[in-house]
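Fit chains B, C and D to the known structure of chain A by using the hints.
Residue numbers (the numbering used here), protein chains in the order written: chain A, 141 to 310; chain B, 174 to 565; chain C, 95 to 197; chain D, 20 to 704.
FYI, nobody ran anything at the bench for these hints, they're computed from the structure.
Here a beta-carbon is modelled for each residue, glycine too, at the ideal position from N, C-alpha and C.
In the PhoX-like style, the derived pairs of lysine-lysine whose C-alpha atoms are separated by at most 25 Å in a straight line are:
hint	chain 1	residue 1	chain 2	residue 2
1	C	Lys185	B	Lys330
2	D	Lys45	B	Lys506
3	B	Lys330	B	Lys270
4	B	Lys256	B	Lys228
5	B	Lys256	B	Lys270
6	B	Lys270	B	Lys260
Which bits of chain A does chain C cover? Going by a derived footprint, with three or more residues having C-beta under 8 Å, they are:
hint	region
7	143-156
8	172-183
9	193-205
10	241-252
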Amino acid sequence: MSLFFLITAAIAIGGTLAAMTRRNPIHCILSLALGLVGVAGVYLALGAQFVGFTQILVYVGAVAILATFALMMTQGHIVSALIEPRRAFSRSSVSGFVTAAGVFSVLGWAAQSYRPLTPSTQQAPAAGAKEVGVALMHTYVLPLEVIGVLLTAALIGAVVIALPSEEERS
Amino acid sequence: MTPVAVDQIFVTTKHLLMGYVPAFWQPLASAILSVVPVLVVFPALFAVTTVLERKGLGRIQNRLGPNRVGPFGFLQPAADGIKSLTKEDVVPRDADKVVHFLAPILLVLASFIVYAVLPIGRNMVIADLNSGLLFFFAVGSMVELAVFMAGWSSRSKYSLLGAMRAVAQMISYEIPLVLAAVVVIMAAGSLSLPAIAEMQSGYTWIWPHWYVLTPWGFAGFVLFMISATAESNRSPFDLPEGESEIIAGYYIEYSGFKFALFFLGEYLGMFATSGLAITLFLGGWSAPFSFLTWVPSYLWFFAKLLVLIAAFIWVRGTFPRLRMDQLMGFAWKFMLPMTLVNVVDAGLWHFMPSGVVRGVVCAAVIVIPFALFSRRAQEGKKLQIRTYRYAE
Amino acid sequence: MTPLNLFLLLSALLFSIGLAGALTRRNAILVLIGIELMLNAANINLIAFWRFGPNPEALTGVMFAIFSISVAAAEAAVGLAIILAVYRHNKTTNLNQIDTLKG
Amino acid sequence: MSWIVHNLWLVAALPFAAGGVISVMKQRQRTLAAGLAVGSMALSFVLALMAFVQVLTSHGEATRQFSNFAWFQFGAEWVRLGWLLDPLTAVMLVMVTFVGLLIFIYSIGYMAEDENFKRFFCFLALFAGAMLGVLIANNLLLLFMCWEIVGLTSYLLIGFWYEKPSAAAAAKKAFIVTRIGDLGLFLGMAWLYAQTGTLLFYDAGRGCLEANALTTLAMHTTVFGLTLSSAIGILIFCGSAGKSGQVPLHVWLPDAMEGPTPVSALIHAATMVAAGVFLLARVYPLLSAGVTHGMTTTVALQVVTWVGAITALFGALVAVAQWDIKRILAYSTMSQLGYMMIGLGTGGVSVGMFHLITHAFFKALLFLGAGSVIHGCHGEQDIRFMGGLRKAMPVTFAAYSCGMLALCGVPLFSGFWSKDEILHSAFVWNLSRGPFYIGAIGALLTAFYMTRQMIYVYAGTTRLAAESTHGEHGHSGAHESPKVMTVPLLILAVPAVVLGFFGTPVWPWFQSFLEGDTANVSFGALGGAFPLMIVSSLIVFVGLGLGWLLYGRKLIVDVGALDRIESAQPGLFHLLSGAFYINELYAATVVRFTLVAASVSAWLDRWIFGGVVRAISTIFVLFAKVDSFADTHVVNRGFDAGCGSVSYGGSFLSKLQAGKVQRYLKFVGVALFVAVALLFWGGKA
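The shape of chain A in the complex, shown without the other chains (with noise of 0.2 Å):
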């Protein structure tokens, strides 16, 4: 068990319950953004450079800027309107834990239960940029264009529902 993993492992987990109990939204969102630099050490820790770098630049860089834009968007101009009421346990709330508690013992202890095993290689594979690159020009090139094509839309539609329909802006 390394270290590295211990501290990436802590973060990551530390960050993500911050960013699912804090009150402030925006504390929400940071930490959430703490926790998954966190996923991303995990992501070295397991030896893909490449893909904890990504992590890191789209959902650091890109993903939790756009959900504080969405907030200010939404309800940004009045801070206490951001910040949830402190609520005792209500029955939904409590529900919707003892749920993702029930989850988390079955897949827990699907995991734990895995049979343990060893990487059939030491050393991890080489996964930078080079071998990742030469995957996606051969093995994926398709679903790389149906990526291409799914992040287009993406961004046309994201753009046609987010603009005030006619009646609304006049």
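This is chains B, C and D only, laid out in the frame that chain A set:
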């Protein structure tokens, strides 16, 4: 000492020192030995740059600049540093204290971390990652978050406006920045910055193999530098901190040392992107002519860095600030298409047989869209040459 | 070397945290974030099985993770756009007050 | 392999590149846009001629050359594309680039006053590139891609004047109707790929149109006892029926005349609609695969023939009763495409292709002539408002007459030879004489309606000034078109007259060229075809005479006068002018059905499925109520608790439909819990 020994003096010194460290501590010691010089050199450069910038701007604006502290005012940064350290640290009452505190630290941290992958001389890089360029951009994108944290946590209209402007601008210009760098990745076939620098260190007769000397490389360099100017919120893209509109943007509510940290972070970011531009396009640490290779590589790197900094100062002194819509229009209607054309051009370069024809075709592929786009950008605008008057 | 089970456990934990957040938070943006988190947990699994699998040279898991990240980015963009549109219509992002899906 | 085969892609790439460059140019740069488009087309024409010469000078096996390359990989499969140069491609290339070039030049004059001049040339160039791509493709996938781009540009060009609602609607209709046909083509393509594992036409023995693949395809049978090759062929024919306006997918073609006239000439007369016929000619080996000793034809070819025959008759009938000069030509095009299908189905590639080529020239000529007439009449398209144009537009009249005579099939004009050959092959078709008789009637009608049109437009005195609603700007009377328009007309008139001599029975050069032989002059062949030629000439002259009898003897003077057929047989005339009410039939059946199906689904969703959910919750509530009633009044009140729990169950179930996203998500979570638990605990047991 031979030129090679001089060139590698820091590398050999480190090896020498490492010999005295017990094996268990070696990773830590190695890290410290690599990191500490960076932590010392670049802030020092920052100090020098501030005074140079103020003096340079002064000359451009027909005045003297700082000249009171020390010889020619060169101790001004020390005075500024002492002042900011001793100043009261004001935190607004309604501010989100933790985030307010973390923002400048995250900014400086992110700005420092990117130096890990910059080769500042032959064999002189802290971490040779094989996805180094991606690392640079990934960590660089954290700066946006830091800026947002600073602007939001201050609970001030001006700082929030500044932060939103800054983030919008940084996101918009990050795309051309990365796309401008893509051409180099295509040419070098690697994301590792030392490898990219190494690849440009050859010579044909006396001319170096720098990417800036190819049509796409030149266009890429110019596009990269423009995007880098916008990324580091410098004039003429300094809307986020436009003094006349929103006072100082996202760090208006910061004072004392935290304010200095913002300044430091911003300049470090500028140095880092300049360093990246040098590594990608200007051959990194390699000498500009084959007969100058005896000069140590790190000196070349810093010489080029100083040249780029001077260019930054020059630009700041000469260009007026853009309007927000001009800024966004420029990013999406000019920079983005041009970088995409440039990517195509680099591909063309790769597939065409080398020769004069290739150079002409690739130059044409860049110049024609440039002419088209810039003509379209100027359409319907009255442009005329300004006349200046000097007080002599 | 860290055993595979630990990665799987971490992934299960992150997944459950994301699920809990998505189930209990009232702000639509935070629910979306919870879902992003669940996607990330799945990515950890993909990478872990790639590393520990019998044929890591094929890069299958890495590729899958990259595609999953791209899809998650697209999903976030569209999701947030939908939230903006819903907000403009309902003047709230509180999921308790949005029940137009009611049959 | 020669240079031209390797670089055949340039033929298609040049117009594409021109279109791309034009698209980023400024609206004002009209000269440059037109110059680029025309220049690229001229270069393509030169390349096409080179390709043609290359094929002409090669012999035997070398007449078919291809250049394949790997495009990309998915999984372990490589997708390979390529281009192909054979006589079929070469002939089509020359035809398309030549006609295209003339129409491009003509458009400069025709569109001179349009403010979207640049956009027009951008679309035209894109269309030309895609069309040439269809021709050179050696891969059904590449062909399909270009085919779709052709469809897209057709859509864009029909809707070029999109501010006109009718044009926008016509564009949409064309796009959707051809898409229905393309669905068949796509299915056929997928099926072909599944069966042969390749979409390359020719690949040194491994292509899907080569002997190996074809024997396999012809051996296996599928539903209704069809051979695989026939089934796939019929699916592919769906695509060409859509593009070539065959019944029942013809409805878009007449409406497509809403586009600018050069577009009608280029796309909806000469090239794109012919692409359907070309596609069939390309996959003809597939269509005819499995022709064994006993059978002389395949099911696919029969389908092609009969659909073609129906279309030929249908188009000719409807054209008789149209008022719009372009609509008459559109229905005529439909009818002629039907002839090509008959020729292809009964006589093979060369018969259909010969008519395609001659038709392309004279129909383009007719359309450009019609455009010139419309231009001269200030936008008027109704033939009732024309008349007397022979004197006003002598050049247009002369050229138009050549086209008209060729279309009617007057002896020695190009249309005569090609149509006669189709009739001949239909006559000797051993399955049925039906197509022949239909074709003969069609020929008669063709001569008839063209005479009618000619007399309406050119004879007598002008009716334009009196009633025209379009004569703006104070123009009075018609005028001849500028040189940039009339010169292409005159150039096109030449092949419309003489092209037929390349494929006469005496010297069947064209047919031999397509089959890779050299042609010999043999007067003996004339003997067999001669009686039929006499018959078909007679038919044509009867048609011309009928037209003269009805319209020419006593000229129409009054604009509001009824058509001669209308006054004699009003019911028949209205049926014809309404195009047998096919559009209305579709509106009443297909479109209505779709709407009804949609509302039925909505109703089902709302009342049946929603109702079931509601019913379940109501039943639970009802149970609870009954229970509680029994409880309070009949049984011991101690059961209150149990009753309450059932009632709770009812309300719980109704809450499932509360519209709360998170509750739905929760069910997913619970389901996941149960699924994983079952998987592991269940697996253990």
